[in-house]
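J.: Letter by letter, the chains look like this.
2 protein chains.
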Amino acid sequence: MSRAGEFELIRRFLAPLATAAGAGGLEDDAALIDPPQDRRLVVTTDTMVEGVHFPADGPPGLVARRLLRTNLSDLAAMAALPEGYLLNLALPAWIDDPWLEGFAAGLAADQEEFAVSLLGGDTVGTPGALTLTVTAFGSAASPVRRSGARPGDRVFVTGPVGDGHFGLQAVRGELDAPRLAERYWLPSPRFGAAEGATAAADISDGLVADLGHICRASGVGAVVDLEAVPLSAEVAALGAGARLDALSGGDDYELVLTAPESAAIPIGRIVPGAGVTVLDGAGRPVALARRGYQHD
Amino acid sequence: MSRAGEFELIRRFLAPLATAAGAGGLEDDAALIDPPQDRRLVVTTDTMVEGVHFPADGPPGLVARRLLRTNLSDLAAMAALPEGYLLNLALPAWIDDPWLEGFAAGLAADQEEFAVSLLGGDTVGTPGALTLTVTAFGSAASPVRRSGARPGDRVFVTGPVGDGHFGLQAVRGELDAPRLAERYWLPSPRFGAAEGATAAADISDGLVADLGHICRASGVGAVVDLEAVPLSAEVAALGAGARLDALSGGDDYELVLTAPESAAIPIGRIVPGAGVTVLDGAGRPVALARRGYQHD
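Protein sequence lines correspond, in order, to chains P and U. The opening position of the first sequence corresponds to residue 0 in numbering that gives the first Met the number 0, with each subsequent residue numbered one higher. The opening position of the second sequence corresponds to residue 0 in numbering that gives the first Met the number 0, with each subsequent residue numbered one higher.
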């Protein structure tokens, strides 16, 4: 196996990323985390499996950055700012030193961009699929949860919907849209956008599904104006069907917010009741073939 | 596949374990953690892969408890008390509802025993091996790190060495020792034992290897008296070779401590220099075939 052993791997590729004092140079059994005073600690975790959550032949630097950014997006949805992260790697035999070097370089780039440090983790071998877990820590003065939406609130999104869904098609070569492929690999966590919201979620399961989670947690319903949902030029150019697909596609990392007011883009309103209703330009309910990304 | 979908699985098996307020019923993008005042937050994480870190046909309740306890052991090594944990599951198709039920029941039992709550996590499908990650949180008034050992300190262990190593042989049916098999599945995190130590580590990589990590982090050496190392009756009965195997075997979750004084069992001393030297009853250095568990 053309790969450094566990301790050597940690020394060469991971220890240089552990810049925070609490990481203890990755030498302790555990890491220390000290959230800034008067802020609450927020923690989130995502596991990604090759071939399920990302293409196995993806550039390792982009695989790393997407893994980190999707976790940072969950922090942003809680109105938290990022502090650091843990990394768990289950590595099959085909992972070699150049792959690890690219992976670590991707993390280093995003550590710089988001001012975070690796704090610890675990690296093991696996006879199965490459399995990557990041656990990200942030701090929030007033964490925003999914349960605070109230009838009368408006519904907002922080940016175009569907770029991630069609970006994956572009990554797979099914669509010629290099900017969407880049949006798939490098989602932008919307730090700051959820400040003051009554509820928020990132739309990694799709806009309708994640707004539905907010509705269920809050005991309310939502009405979305289909024509108000912002699309990027590339997605808009794919026609009317694409607009519906964008609403239910996964892999997007904009936030959906509920609030009386917000600087984000208004797309609907919270109502008494339950569930998400999408209305077309004439105010008629739209039937959605698929309500959201089906996890497994 | 005879298994509930992701959301149903979370609702049935995992949400009942999320008893802490900060878990938000597992409905948010992230969890909230509030360490007790005047204590520092300590975090650790371990990934286990079927067939690599535990027998794939192990009882799911014991797989769960070992996964949780090995993480709690890392907290104990930092002189922390447990607060809660995150759980990441990458589930292959063969995992069915009865397996998940047993797994959750094991966690419930240990949540009771150690007063911890599930705080969040991620559940995904995998075409590969069952891959389990726990990230455990604790709090410590004065965290103990590996870097504080000083010449003149004595070296202690919190209990018999080698039970985990030979316990795995018992689990595999290579040894008739049911109590050791239970010690393999159910290690006891040594909460409280590291209080006041200058350095501590659990001996999951083996006594010599983990004491070696303390020596490297502290810039010191250690001398261990082979005859002073405590063995359980079952391991002692396996003969002189077993004593040496016990020193380098992995899967043990006693702590090795360095301190001027401790209530634990003295087995040696910290000296200037580097590395771990094991002396026999006549004071002669002992050659070790294997210095510790080789990770992959």
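Keep in mind the hints are simulated off the structure, nothing from the lab. Backbone N, C-alpha and C fix where the C-beta goes; we use that ideal spot for every residue, glycine too. Possibly wrong hints are sitting among the right ones.
Label pairs and their computed distance ranges (CB to CB) [to be verified]: (1) P58/P with D37/U: 40 to 48 angstroms; (2) A286/U with A140/P: 54 to 62 angstroms; (3) V285/U with A140/P: 35 to 43 angstroms; (4) R268/U with T18/P: 33 to 41 angstroms; (5) W93/U with D56/P: 21 to 29 angstroms; (6) D33/U with A92/P: 49 to 57 angstroms; (7) T18/P with D37/U: 22 to 30 angstroms; (8) D56/P with A227/U: 50 to 58 angstroms; (9) V285/U with S187/P: 24 to 32 angstroms.
Looking from chain U toward chain P, a few residues come up when the C-beta cut is under 7 angstroms (computed) [said to hold, decoys possible]: (10) L61; (11) V123; (12) P126.
J.: Close enough to count: is the Cβ of L61/U nearer than 7 angstroms to one in chain P?
T.: 19 angstroms, violated
J.: Regarding R268/U and T18/P, is the given constraint of 33 to 41 angstroms on their beta-carbon distance met?
T.: At roughly 35 angstroms between Cβ atoms, T18/P and R268/U fall inside 33 to 41 angstroms, so the hint holds.
J.: Return holds or violated for the Cβ distance of W93/U and D56/P against the range 21 to 29 angstroms.
T.: 27 angstroms, holds
J.: Can you let me know if the beta-carbon spacing of T18/P and D37/U is within 22 to 30 angstroms?
T.: 26 angstroms, holds
J.: Does the interface hint hold: is P126/U within less than 7 angstroms of chain P, judged Cβ to Cβ?
T.: Result: holds, 6 angstroms to nearest chain P Cβ.
J.: If you check the beta carbons of V285/U and A140/P, does the distance land in 35 to 43 angstroms?
T.: 58 angstroms, violated
J.: A range of 40 to 48 angstroms was offered for this pair. Does it hold for the Cβ distance of P58/P and D37/U?
T.: 46 angstroms, holds
J.: Just to be sure I understand the hint, the distance between the Cβ atoms of D33/U and A92/P should be within 49 to 57 angstroms; is that true here?
T.: With Cβ atoms ~42 angstroms apart, the hint is violated.
J.: Hint V123/U vs chain P: min CB-CB distance below 7 angstroms?
T.: 5 angstroms, holds
J.: Are V285/U and S187/P spaced within 24 to 32 angstroms by their CB atoms?
T.: 58 angstroms, violated
J.: Given a hinted range of 54 to 62 angstroms, is it respected by the beta-carbon distance of A286/U and A140/P?
T.: The hint (54 to 62 angstroms, Cβ to Cβ) holds, given that A286/U and A140/P are roughly 59 angstroms apart.
J.: Are D56/P and A227/U spaced within 50 to 58 angstroms by their CB atoms?
T.: 54 angstroms Cβ-Cβ, so the 50 to 58 angstroms window holds.
Hints 3, 6, 9, 10 from the list above are not met by this structure, while the remaining hints are.
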